[in-house]
Amino acid sequence: MTLRLFFHSDDLKANVEVLDCTPHENEFAVVLRATLFHPQGGGQPCDTGWIGESEVLRVVQEPERIVHYVDRPVAPGMVQIRVDEQRRRFNTRMHSAGHLIGHFVQALGWTPVKAHHWPDEGRVQFKPGDAAQEVDAQTVQYGIGQWIEHDLPRLTSLREGAREIGFGALPAYGCGGTHVRSLKDLGTVTIASLSQKKGTLSVHYSVD
Numbered sequence: 001m002t003l004r005l006f007f008h009s010d011d012l013k014a015n016v017e018v019l020d021c022t023p024h025e026n027e028f029a030v031v032l033r034a035t036l037f038h039p040q041g042g043g044q045p046c047d048t049g050w051i052g053e054s055e056v057l058r059v060v061q062e063p064e065r066i067v068h069y070v071d072r073p074v075a076p077g078m079v080q081i082r083v084d085e086q087r088r089r090f091n092t093r094m095h096s097a098g099h100l101i102g103h104f105v106q107a108l109g110w111t112p113v114k115a116h117h118w119p120d121e122g123r124v125q126f127k128p129g130d131a132a133q134e135v136d137a138q139t140v141q142y143g144i145g146q147w148i149e150h151d152l153p154r155l156t157s158l159r160e161g162a163r164e165i166g167f168g169a170l171p172a173y174g175c176g177g178t179h180v181r182s183l184k185d186l187g188t189v190t191i192a193s194l195s196q197k198k199g200t201l202s203v204h205y206s207v208d
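Numbering (full-length UniProt numbering), first residue to last: 1 to 208.
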């Protein structure tokens, strides 16, 4: 099982051990003992960056390990890994913004069912509860803006071995993604629109 350094560290560089590197089509599949690279999953795109001089093109979660696909082979042994800072920061802000939307709309009686924290495709989807209230973009924008203004800090915890992420006194969500250290790091979050289809409410959003 690959050790997920990103679960408890915001570092973007580390020295880690290369366990395996095998050819895969036109790429090379690299397995590390520990990694800072977040794989695609949980509604969040994967990190990219470098393993030594090899460029990390995509990162995939397999049942027992995380596999890094690179453009050239990597020798076994110790190597420095570097996560692309700009991509990581954007993905992190998108994911944290999605959590805030989930909290706010859930408080209005809706149940979060799915989230997609991708560039130009950010959305959180909900099913109505028994006491679901009307929701509009302006109300959601104002509500999450108040939390951002108060700069709530990120809190990471474990419950029954599962990682949970919360902000300030807001309830924690089970989550394996990366998140801002505090909400001021989000910058500007824009609620672009709301739509409903077959009983599902979708809140579409972006970060600057």
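Don't take each hint at face value.
[To be verified] Cross-link-like lysine-lysine pairs, in silico, PhoX-like; alpha carbons within 20 Å at most: (1) Lys127 with Lys114; (2) Lys198 with Lys127; (3) Lys127 with Lys197; (4) Lys114 with Lys198.
[Unchecked claim] Label pairs and their calculated CB-CB ranges: (5) Gln40 with Asp130: 32 to 40 Å; (6) Ala169 with Ala75: 44 to 52 Å; (7) Ser182 with Val60: 24 to 32 Å; (8) Asn15 with Phe90: 50 to 58 Å; (9) Phe7 with Glu85: 15 to 23 Å; (10) His24 with Gln86: 21 to 29 Å; (11) Asp136 with Gly77: 55 to 63 Å.
What the hints contain is simulated information worked out from the structure, not anything from laboratory work.
In this text, a Cβ means the ideal position worked out from N, Cα and C, and glycines have one as well.
Now for the hints, and whether the structure bears them out:
no., hint, verdict
1, Lys127 with Lys114, "holds (10 Å)"
2, Lys198 with Lys127, "holds (10 Å)"
3, Lys127 with Lys197, "holds (10 Å)"
4, Lys114 with Lys198, "holds (15 Å)"
5, Gln40 with Asp130: 32 to 40 Å, "holds (35 Å)"
6, Ala169 with Ala75: 44 to 52 Å, "holds (48 Å)"
7, Ser182 with Val60: 24 to 32 Å, "holds (30 Å)"
8, Asn15 with Phe90: 50 to 58 Å, "violated (26 Å)"
9, Phe7 with Glu85: 15 to 23 Å, "holds (19 Å)"
10, His24 with Gln86: 21 to 29 Å, "holds (26 Å)"
11, Asp136 with Gly77: 55 to 63 Å, "holds (56 Å)"
Hint 8 from the list above is the single one not met by this structure.
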